[in-house]
Structures are given as C-alpha cells and as structure tokens.
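J.: Single-letter residue listing:
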Amino acid sequence: MCLAIPALITSVEGTTARAEIGGVERTISLALTPEARVGDYVLIHTGFAIGVVDEEEAQETLRLLEELAEFYPDEVEVSQFPNLPISQSPNLPISQSPNLPVSQSTNEVH
Amino acid sequence: MRYIDEFRDPRLARKLVANIQARSTRPVRFMEFCGGHTHAIFRHGLRQMLPPTVELRSGPGCPVCVTANTDLDRAIALAKLPGVILATFGDMLKVPGSHGSLQTARAEGADVRVVYSALDALRIARDHPERAVIFLGVGFETTAPTVAAAILEAEAEGLDNFYVLSLHKLTPPATRAILDAGEVRLSGIIGPGHVTTVIGSRAWEFLPQDYSVPCAVAGFEPLDILRAVAALVEMAEDGRPAVVNAYSRSVRPEGNRVALEIMQRVFEVSEADWRGLGRVPASGLALRPKYVRFDAALAFPVDPGPTREHKGCRCGDVLRGTVEPPECPLFRRVCTPARPVGPCMVSAEGACAAWYRYGGADV
Ligand code: SF4
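Protein chains in written order, with our numbering: chain D, 1 to 110; chain R, 1 to 363.
Quick caveat, the hints were computed from the structure, so don't treat them as lab data.
Note that beta-carbon positions come from the ideal geometry of N, C-alpha and C, so glycine has one too.
Among the clues, some could well be false.
Only some residues are given here: those of chain D computed to face chain R with a beta carbon under 7 Å [to be verified]:
id, residue
1, Ala36
2, Gly47
3, Gly51
Pulled from the structure, derived: some chain R residues nowhere near chain D, Cβ distances all over 10 Å [as the list claims (entries may be wrong)]:
id, residue
4, Thr70
5, Lys94
6, Leu119
7, Glu155
8, Val184
9, Ala259
10, Asp295
11, Pro301
12, Glu309
Modelling step: build the complete structure from the supplied sequences, incorporating the hints.
T.: Here's what the structure looks like:
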C-alpha cells in the first residue's frame, strides 16, 4: 500500500497535473507537492504526488556505486534479477533453504 | 522506466554484494519494516544473494495486515448500514474479519466499492448526494496525508455526505513497540522509503539514540535495498549505529513539509489497535475536533459484536517478526491467497503472500 511509482509530469493545472507512467498518462493531485513542475519526476501514491525525485541525488547515488564498483572485481555472480509475473513464479533457489538457521543456509552467491 | 531500470543494474548489484560479503564477519539480523520491501526482496531474489551471516526478517509494515479485527469488524458493520457506500482500497476487500469480510458483505448486498485513491471516494460522494460515502482510511504516513487532503477538499466544497473511518497508523511507534518487546534480536532496521519520504529520515533518529540500533532508509529497487543492507552491515560491524539515508533521491531529512502539515492539520495522534502488537499508545491518527463531522465512527455508531481471532493463524507473530510464514501450520496447506485465513496472506504487502508467491512450491 506504500507503493509509489516515479512518473513524469507533462502538464500542470492548478493543483492537478497529468503525469506519464510507463507510457500511460493519468491525472494526479499535486496537493502534497505544490513545488512540482512540468518535467519533474514525482512519486505517485494513490493518485497523489508525495515527493519530487531529486535528479542530482539519483546521479550522485549511481556515481557512488560506480566508485564502490572499482574496489570490487567481479568475484560474485548475480546474472539477472528474477522479476517474474506472479503467475510464472518458479521455484526460486530460496525455496531450498527457507527454514534453516542462518549458519546452515545455502544462500551464498556463487 | 526512469529511476527504476538504473537501480536494477545487475553489475552494480554484484559489487554491492561483494562489498557486503567483504564487510560481514558476524551474524546479523535486519528487519525490513515495510511489506513493500519484503515483496521486492523476494521478487528480486535478494535473500539468497546475501552471505549466510546476513538475515532479513519481515516486519509490521503492511497496513492491511496490522488492521485489528475489531476495526475491520466495524468497517464491515458500517458497510452493511442501509444507504451507505463504503469505499476501500482493493487490498482490504478479502481480509477476513471475525465473521466474514467486506467481500462477503458485498455479496450479501452491501455497497462496497474499490477505489484507487481517496479522491475517487470524493467523486462517488459528489455523484451520490443522497447516500453516505464512507472511505476506509487504512495506511501509514504515506497514505494519511492523501486522505487528509481529500477531507480538506470535501470541506472546501461543502460536501456533507463524505466520511472517513480513520484507521491510519504511525510507523515509528510500531518499531519502538517491537524493540521494547525484545522478542526478536535485531541488529538494524531497513527504514520504509515512502513513509520516510513524508516523515523525513530524522524521524528514525531514536533508533540509534535510544536503542543503539542502526537504520538505513531504503528505496524499493534491488540496488536501493542492497545499498541499505551494505550500510547496516558496516554500522553493525563498526558498532556505530546511525541513520543512513540510502534513498536520497526521494527522502530528505525533514520529509515532505507540506504533506506533514496537511496531515497534522486534519489528524491528531491517538492510540491504535494493531494486529500482533495490541494497543499501542500514540500510534494512530484520529480526526481533530474541527473535522469530527467527517468521522464515520462518530456519525454512525455501530456495534460490530464480539471479536474473534482466526484460529491457528500466526499473522500477529509474523508481523512482530518472531516467526516466518512457513512456521505457521496453516501456511500453504490451509491458507492460500485464494482462501486466506489471515490478512498476511491477502495483502500484496503481506509476508505470507510473499513467501507463497515467490518462496517456491516446496516451502
Ligand atoms: S499463513 Fe495464513 S494462517 Fe498462517 S500466519 Fe499467514 S495468514 Fe495467518
């Protein structure tokens, strides 16, 4: 229920705006983010923008992660995130070790 | 999608996992407060990427799940009143109360409508001036300001058939209650990113100050969550608890001042009943005297009858983090998303639903 999705504001009229989320436009309320402008990304929660995404902070985070990356050669493999529709959810590896105490669990990354 | 794809980069995730592996020497258990995090962690397979020293445990951050049966029963009783339209988020529909759900009430003739936003409920009230429209106000600090904004709009329009049953809850007091109970040893808290977008990262300073527990506020993409875990591992290893904002593109130290002001204008802090935690002082939101005319509980006194808990359901323990869903004897055998026994299996943020959907068939 605390889900919020980044959306691009395409037009503003008073306290409502049109925002594009993954190719779909919808009307949202800016009552909680009156500072939002066309071209901003906002986080949409139940029809309201609850925050404006800070582009500089986003870039800074990615830059810090790149910096960190230089310290670590590729010694662990994480191929691709499983990100499956619920209907297809397969036996992810976690199913093999749900109940084991941490010390015995087989959840190392190979 | 922007701000999503970049934060799912598997190459950077590898580096973060390597960093966590290199830093982690002793066993730690971190609680992700938020059910949205639980689902993201399962959906992206993050648990099995972490070294065996790092355990993640689900917390109480599922508003539907923590709604107490007494409150749910009241909502169902309100929905059954003649002339009432009860508007609710879809997640609440199937949650079993003491004697049925909103869904079964609807099947019996109650007018229950699923809405996406509190503003949709306002629209229904405008379209049906002859009916009383009650919005079921369930949610944390992320949602409460949106409901407050809808109430202010209803006031400005003079809409006199719109009501709210305020079951809103506050997340820091619940976190305190879990730490005070001391039933589960926690080495850190993954802070809820969207709640904290509203309340600000400063709201979590009590964790290091009063409990010596570190907190890392996280977004909902894999890199966000791994970055928070890396920060928590580092703080736990160094014995230097603090609040780290690992979701700085959205969270500011002071939060969203406008949203907080609107929330505080309409609501005041009250005690609240939580499934799993019981009655927690100063952990809920009630309408301020100026706005009591919107209070559905006062406008429509109902007697929902005696409360009954779901026999054998461990949802309350799951919400406190003392057991994991597969430890519930009903999990998967009796309780499934199609036939849920407790709310933790119903909600899209419930831990039991996450284990069921992503945990594999042999759990
Ligand atoms: S599996 Fe079902 S019965 Fe068991 S704790 Fe979860 S919701 Fe309750």
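J.: With 10 Å as the threshold, tell me whether aspartate 295 of chain R passes as away from chain D on beta-carbon distances.
T.: holds (20 Å)
J.: If I take the minimum Cβ distance from glutamate 155 of chain R to any residue of chain D, is it greater than 10 Å?
T.: Glutamate 155 of chain R is indeed farther than 10 Å from all Cβ atoms of chain D, at 13 Å.
J.: Verify the interface restraint on glycine 51 of chain D: the C-beta must sit less than 7 Å from at least one C-beta of chain R.
T.: Nearest chain R Cβ about 4 Å off; hint holds.
J.: Over 10 Å from every CB of chain D: does proline 301 of chain R meet that, or does the non-interface label fail?
T.: holds (28 Å)
J.: Beyond 10 Å from every chain D Cβ: check whether that's true for leucine 119 of chain R.
T.: violated (5 Å)
J.: For the hint on glycine 47 of chain D, does the least C-beta distance to chain R fall short of 7 Å?
T.: Hint holds; glycine 47 of chain D Cβ to chain R Cβ min 3 Å, cut 7 Å.
J.: Could you check that no beta carbon of chain D comes within 10 Å of the beta carbon of alanine 259 of chain R?
T.: Non-interface label on alanine 259 of chain R violated, nearest chain D Cβ at 4 Å vs cutoff 10 Å.
J.: Grab the minimum C-beta distance from alanine 36 of chain D to chain R and call the hint holds if it beats 7 Å, violated otherwise.
T.: Result: violated, 11 Å to nearest chain R Cβ.
J.: Measuring Cβ to Cβ, find out whether glutamate 309 of chain R lies farther than 10 Å from everything in chain D.
T.: For glutamate 309 of chain R, whose nearest Cβ neighbour in chain D is about 22 Å away, the distance exceeds 10 Å, so it holds.
J.: Was valine 184 of chain R rightly flagged as not at the interface, with every chain D Cβ beyond 10 Å?
T.: Its Cβ never comes within 10 Å of chain D, the nearest being 13 Å, so this holds.
J.: Hey, is threonine 70 of chain R genuinely clear of chain D, shortest beta carbon separation above 10 Å?
T.: holds (20 Å)
J.: Find the nearest Cβ of chain D to the Cβ of lysine 94 of chain R and say whether that gap is larger than 10 Å.
T.: holds (14 Å)
This entry does not satisfy hints 1, 6, 9, going by the numbered hints stated previously.
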